[in-house]
Amino acid sequence: MSEDFNNNKIIHAQSSETIGGASGSPDMDYVRPAETGDQDLYHGHSFITKWIFCQDAKVIGVQYFLLATFTGIIGLILSWLMRLQLGFPGLAGFMTAEHYYQFVTMHGMIMVVYFLTALFLGGFGNYLIPLMCGARDMVFPYLNMISFWMFFIAVGVLLASFFVPGGPTGSGWTLYPPQSILEGTPGSGWGILLMCLSLILFVAGFTMGGLNYLITVLQARTRGMTLMRMPLTVWGIFTATVLAMLAFPALLVGSLMMSLDKVLGTSFFMPTILKAGEVLEYGGGSPILFQHLFWFFGHPEVYIVALPAFGIISDLISVHARKNIFGYRMMVWAIVGIGALSFFVWAHHMYVSGMNPWFGFFFATTTLIIAVPTAMKVYNWILTLWRGNIRLNTVMLWCLGFIVTFVNGGITGIFLGNVTVDVPLSDTYFVIAHFHMVMGIAPLMVIMGAVYHWFPLVAGKFLDEKLGKWHFWLTFLGAYSIYFPMHYLGFIGVPRRYFEMYDSPYVTSAVGMNEFISIAAFIVGAAQFILIFNIIKTLKTGKPAGHNPWKACSLEWLTPSVPPEHGNWGDRLPVVHRWAYDYSVPGAKEDFITQTTPPSEVANTEVEKT
Amino acid sequence: MSDPKIEGYQFKPGFSGMAHDTASDQTMFKGVHWGKAMMWIFLLSDTFIFSCFLISYMKGRGSTPVEWPNPSEVFGLHVFGVDVPLLLIAIMTFVLITSSGTMALAVKYGYEKNKKMCGWLILATAIGGLTFVGMQAFEWSKLIHEGVRPWENPFGAPQFGSFFFMITGFHGTHVSIGVIFLFIYAYKTFAGHYDEKKRGWFTSMKGDYVEIEILGLYWHFVDLVWVFIFAFFYLW
Amino acid sequence: MHPGIIFFLVILGSLLFHIFTPWYWTDIASNWGSMDDTITLTFWVGGGVFIAVCLFMIYCVFKFSYKEDRKAEYKPEDKKLEKILTWATTLGVVALLAPGLVIWNQYVNVPKNAIEIDVMAWQWGWQYRLPGKDGKLGTTKVININDENPFGIILEDPNGKDDILIQSDTIHLKNNKPVKILLRSVDVLHNWYVPQFRAKMDAVPGVITYYWFEPNKVGEYEVLCAEYCGVGHYAMRGRVFVKNEEDYAKWLDEQETFSDLVAKQKKLEFNKTELAKK
Numbered sequence: 001m002s003e004d005f006n007n008n009k010i011i012h013a014q015s016s017e018t019i020g021g022a023s024g025s026p027d028m029d030y031v032r033p034a035e036t037g038d039q040d041l042y043h044g045h046s047f048i049t050k051w052i053f054c055q056d057a058k059v060i061g062v063q064y065f066l067l068a069t070f071t072g073i074i075g076l077i078l079s080w081l082m083r084l085q086l087g088f089p090g091l092a093g094f095m096t097a098e099h100y101y102q103f104v105t106m107h108g109m110i111m112v113v114y115f116l117t118a119l120f121l122g123g124f125g126n127y128l129i130p131l132m133c134g135a136r137d138m139v140f141p142y143l144n145m146i147s148f149w150m151f152f153i154a155v156g157v158l159l160a161s162f163f164v165p166g167g168p169t170g171s172g173w174t175l176y177p178p179q180s181i182l183e184g185t186p187g188s189g190w191g192i193l194l195m196c197l198s199l200i201l202f203v204a205g206f207t208m209g210g211l212n213y214l215i216t217v218l219q220a221r222t223r224g225m226t227l228m229r230m231p232l233t234v235w236g237i238f239t240a241t242v243l244a245m246l247a248f249p250a251l252l253v254g255s256l257m258m259s260l261d262k263v264l265g266t267s268f269f270m271p272t273i274l275k276a277g278e279v280l281e282y283g284g285g286s287p288i289l290f291q292h293l294f295w296f297f298g299h300p301e302v303y304i305v306a307l308p309a310f311g312i313i314s315d316l317i318s319v320h321a322r323k324n325i326f327g328y329r330m331m332v333w334a335i336v337g338i339g340a341l342s343f344f345v346w347a348h349h350m351y352v353s354g355m356n357p358w359f360g361f362f363f364a365t366t367t368l369i370i371a372v373p374t375a376m377k378v379y380n381w382i383l384t385l386w387r388g389n390i391r392l393n394t395v396m397l398w399c400l401g402f403i404v405t406f407v408n409g410g411i412t413g414i415f416l417g418n419v420t421v422d423v424p425l426s427d428t429y430f431v432i433a434h435f436h437m438v439m440g441i442a443p444l445m446v447i448m449g450a451v452y453h454w455f456p457l458v459a460g461k462f463l464d465e466k467l468g469k470w471h472f473w474l475t476f477l478g479a480y481s482i483y484f485p486m487h488y489l490g491f492i493g494v495p496r497r498y499f500e501m502y503d504s505p506y507v508t509s510a511v512g513m514n515e516f517i518s519i520a521a522f523i524v525g526a527a528q529f530i531l532i533f534n535i536i537k538t539l540k541t542g543k544p545a546g547h548n549p550w551k552a553c554s555l556e557w558l559t560p561s562v563p564p565e566h567g568n569w570g571d572r573l574p575v576v577h578r579w580a581y582d583y584s585v586p587g588a589k590e591d592f593i594t595q596t597t598p599p600s601e602v603a604n605t606e607v608e609k610t
Numbered sequence: 001m002s003d004p005k006i007e008g009y010q011f012k013p014g015f016s017g018m019a020h021d022t023a024s025d026q027t028m029f030k031g032v033h034w035g036k037a038m039m040w041i042f043l044l045s046d047t048f049i050f051s052c053f054l055i056s057y058m059k060g061r062g063s064t065p066v067e068w069p070n071p072s073e074v075f076g077l078h079v080f081g082v083d084v085p086l087l088l089i090a091i092m093t094f095v096l097i098t099s100s101g102t103m104a105l106a107v108k109y110g111y112e113k114n115k116k117m118c119g120w121l122i123l124a125t126a127i128g129g130l131t132f133v134g135m136q137a138f139e140w141s142k143l144i145h146e147g148v149r150p151w152e153n154p155f156g157a158p159q160f161g162s163f164f165f166m167i168t169g170f171h172g173t174h175v176s177i178g179v180i181f182l183f184i185y186a187y188k189t190f191a192g193h194y195d196e197k198k199r200g201w202f203t204s205m206k207g208d209y210v211e212i213e214i215l216g217l218y219w220h221f222v223d224l225v226w227v228f229i230f231a232f233f234y235l236w
Numbered sequence: 001m002h003p004g005i006i007f008f009l010v011i012l013g014s015l016l017f018h019i020f021t022p023w024y025w026t027d028i029a030s031n032w033g034s035m036d037d038t039i040t041l042t043f044w045v046g047g048g049v050f051i052a053v054c055l056f057m058i059y060c061v062f063k064f065s066y067k068e069d070r071k072a073e074y075k076p077e078d079k080k081l082e083k084i085l086t087w088a089t090t091l092g093v094v095a096l097l098a099p100g101l102v103i104w105n106q107y108v109n110v111p112k113n114a115i116e117i118d119v120m121a122w123q124w125g126w127q128y129r130l131p132g133k134d135g136k137l138g139t140t141k142v143i144n145i146n147d148e149n150p151f152g153i154i155l156e157d158p159n160g161k162d163d164i165l166i167q168s169d170t171i172h173l174k175n176n177k178p179v180k181i182l183l184r185s186v187d188v189l190h191n192w193y194v195p196q197f198r199a200k201m202d203a204v205p206g207v208i209t210y211y212w213f214e215p216n217k218v219g220e221y222e223v224l225c226a227e228y229c230g231v232g233h234y235a236m237r238g239r240v241f242v243k244n245e246e247d248y249a250k251w252l253d254e255q256e257t258f259s260d261l262v263a264k265q266k267k268l269e270f271n272k273t274e275l276a277k278k
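Residue numbers (this note's numbering), protein chains in the order written: chain S, 1 to 610; chain F, 1 to 236; chain X, 1 to 278.
Since the hints were made in silico from the structure, they are not lab data. Take the hints with a grain of salt, since some may be wrong.
Stated by the list, open to error - When the alpha-carbon atoms are kept at most 16 Å apart in a straight line, the in silico EDC-like pairs for lysine to aspartate or glutamate are as follows:
{"hint": "1", "chain 1": "X", "residue 1": "Lys-79", "chain 2": "S", "residue 2": "Glu-98"}
{"hint": "2", "chain 1": "F", "residue 1": "Lys-198", "chain 2": "S", "residue 2": "Asp-591"}
{"hint": "3", "chain 1": "S", "residue 1": "Lys-589", "chain 2": "X", "residue 2": "Glu-214"}
{"hint": "4", "chain 1": "X", "residue 1": "Lys-112", "chain 2": "X", "residue 2": "Glu-214"}
{"hint": "5", "chain 1": "X", "residue 1": "Lys-71", "chain 2": "S", "residue 2": "Asp-40"}
{"hint": "6", "chain 1": "X", "residue 1": "Lys-63", "chain 2": "X", "residue 2": "Asp-78"}
{"hint": "7", "chain 1": "S", "residue 1": "Lys-609", "chain 2": "F", "residue 2": "Asp-195"}
{"hint": "8", "chain 1": "X", "residue 1": "Lys-75", "chain 2": "S", "residue 2": "Asp-591"}
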């Protein structure tokens, strides 16, 4: 096997690199010698080791992306079925209340965990972290491969629950006991067990991937890449991974205890229960304990999705506005601060859950404190646009769409985080509108922007701009007209998770709106297939992108070959001399200076020291 | 995996110097092997798992309407006609802590490239772990014999059985996994895989004595967790 | 069309939608008008920020769209501006949070004169229990619940004897009299929610949760279950009538107490055994 390694051939990056520029002293280009030797990589030769059980983080990233997208499409189809029922009750004959609740549950769980989390951390994380940090690969490629295949099995188990007796669990994505494991909820037998098993597998697989992301960022950056020179994408994914490593344990423990309650008849979450006139064998457990465990995972989970999105959007805006990200330090500290605070706010999901009401004061305060760093990020995004030189291409449109939807959803978050305002609005459609806007649509805008931005790197070809614009406007306008009016259903008081609204006089006034929302949902869902068509078309006939097509500064565009090969950097690791945002530097010839450009080559510029 | 060498790096004094070192290029933890850093972070994550278990246990124990059984009676042993509380558990704890000591020695001899001593000490650690698991199995069977089940408990609150079996079981699984790896590593040490830097079976990464230290970290952690479980279940 | 125009129309549309929407909250029928006020306050502050941020963004898109010969400004940070923005935001957040906490304090502190009502939930329905002449509810236990004792009242508890039992999903409340809703559930989570009263709280099996409000508008309202509780969740409705003093007293008189129920059942049983003897 050892012949598969070519590490002996790699020339180690030279210490004291002194490529003297035309002017300026070579001393200013000095970068410390390498601390570690070059990474030992396993190069696959057969089809299986190259594309299936592959240890290259870039291939693993694409694998994660494709599988997450696949499950995401299933989630999308489920949402269509739900909207069909809500907009036009009774139109789909097969739709019973059981089915409806199963679809609600699976849609929620798939979208939050198996789509967004897997896509941002598994997909973008794997692809971008080594490239942006200047590493050859993730530090533990074998573990990284296992991580993907664990995710694969987890998805398999999750989807298998559609085919077991009783169907998938219909307990809502929060899986609150006692209801989730009792008769009266669809899928309370096999469904909930497979769900718990799938989550445990997902957490195990994710832990393997997460260790890779963290150690790569901490210990495998290239020479000159200090923490404060890392692109915000890396900061976002890194912090999100830290959150995941500390939050997923609570989910794991909750799932395990619930499985035991179901299988062995323990009573961790089960108090004395009277069902159909008979007292069940359970007793003495606490249902609220599960809610605490769930939301101790669940709230950081929101930021596990949001922080990578924050990071990626910062980079996209900066590249396409041809301007450095405004207040980089503030942005980094905001990401870290939001991450840290997110562990102290979980019970704002539980204001009306029956927990000790005095917790309300504490959690309302911590929750609203988070609004401050988040608002700072928003200010910095729009201040980056200010006096920029904005390319209004598809990527930038997604960014603008993100700002609108994120600010909208963030502000409704202030409604729900403020304990008193939450009382009338919790468990209504206002909540649904809020979290779809802020952690459904807004991250989706980022994903789409990122796909249009990095596709030229991954595939070497530009996606079609015209189709991209259609895709954007249909998605943005459609999604906005789904969720903006939906807040008002919440004001009326329409509760969530109602299979049918029935006859309440004030609720029937919303029939027209529900029909409108459903139609918009069908259109938005269908519009996503434009992207798939665009990708297929581009792979066949797309315009080649070449090196660094967006004229970006960050490392991922500076690989010797496009798309980058295994090992990323050819013979020599890059050496970094500056942060990732030197756009439009006064005195420079072009409007960007790449991270690898030594100071002596751009000696007459006024660059901030980073 | 590669050997860290941090020539040319001068650590800076003071708090701001520490911040500077932390944020400097290439590595955050200077000279720390990738695998070791990974194990530390994994253990941090694992700490959260055990914390969730133990906090749930505290909550469960605090809110159950039925009386919690008295640990010194439930866990007591009847030896030579006398009731000795916590006897078995004291031996178990002693064995596990001793095995931590042999593990630490194994790491030391590993770095000294003393293959034989290192291998024997790893084996001793593995046998200590195995003894611990065996005694735990004995304790489980004793409790099961007395009628304690995860779902019921003749001595009081049924949650006692649930939490006890779940948490000690989860910890026992950790120990068992550790024991399996200890045997593998003992074999690899004796066979000289670390001396020849032989590539691993699965990961195809070069062998190195640092792996023993990484496993040692895990082993000490499992020990430490046991101390907490011991305190929470047997002394509370 | 310039994308900025479309974005502008989206913002304008949102504003117009908010002004002219036929869908807004139901007329309030309880003392929690202050909750509506906090919502309105949050709307003004939040909506203002939303519109300001979006308009600024749209302005930038118009003003600074790409020109080959222009170079963007190079300004990595502006400490002063960032400081001002941080403090302004903090101030705004405090302004929103403070009234919220004050009202929450009212929400968790029940007035002394409130009537306690035991709301018992199960899959899928409600029933209610009011204290009798003594003004106290008897203690209950889930395992005591059966056909003879539908609320599971502990028989030894003297307070329970005169409790008024309402085995129906309809309850009547006295206008302008605070009520403390004591929620319990015999199986899964539920939530007794009347949109017009604004307040809500989950019913959790194993514990008793509470909240309070003071109805202040005579009328008929619908109770909705607001915490997912299984397939029948959407159908788990109830009814509340808020009545003035006389109507309420009349209604209350017609209700049966626990001892009435026990007596009735004893009689029934007695008749049965008599019948059997004959």
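task = Could you tell me which of the numbered hints above are not met by this structure, giving the numbers in increasing order?
result = 1, 2, 3, 5, 6 and 7
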